[in-house]
Amino acid sequence: MFLKYNGNVTVCCVDDQDEYIVGNWHQQDLKEIWTSPKYTNIRQKHMSGDYMDIDMCSKCYLPHDKN
Numbered sequence: 004m005f006l007k008y009n010g011n012v013t014v015c016c017v018d019d020q021d022e023y024i025v026g027n028w029h030q031q032d033l034k035e036i037w038t039s040p041k042y043t044n045i046r047q048k049h050m051s052g053d054y055m056d057i058d059m060c061s062k063c064y065l066p067h068d069k070n
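So for the sequence shown, this note's numbering puts the first residue at 4; every next one is plus one.
In short, the hints are calculated from the structure, not lab data.
Predicted model, so just to flag it, every value in this text is computed and none were measured.
It is possible that part of the hints are untrue.
The following label-pair restraints were derived from C-beta to C-beta distances [stated by the list, open to error]:
| no. | residue 1 | residue 2 | range |
| --- | --- | --- | --- |
| 1 | Met55 | Asp32 | 28 to 36 Å |
| 2 | Asp56 | Met4 | 18 to 26 Å |
| 3 | Phe5 | Gln47 | 14 to 22 Å |
The C-beta atom is built at its ideal place from N, Cα and C for all residues, glycine as well.
Can you build the whole structure from these sequences, using the hints too?
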């Protein structure tokens with residue numbers, strides 16, 4: 004979870020252009036953001052190894068190898 008100066012919360016340090024915003028810490032509690040459907044989905048995709056289904060993650064230059 005990355006908290007930006009403008010309040011945007013993204014899931015990755017690679018997202019420096021705020022392409023995958025999951026909330027705004029100026030407007031929401033962090034717990035609300037963490038448990039949101041969007042953030043829950045990204046965690047589930049990563050746990051199952053399907054993170055490449057997420058546009059932001061498919062562009063990652065630090066991919067996680069399941070093997």
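Problem - Which numbered hints fail - result: Checked against the structure, no hint fails, so every one of them is satisfied.
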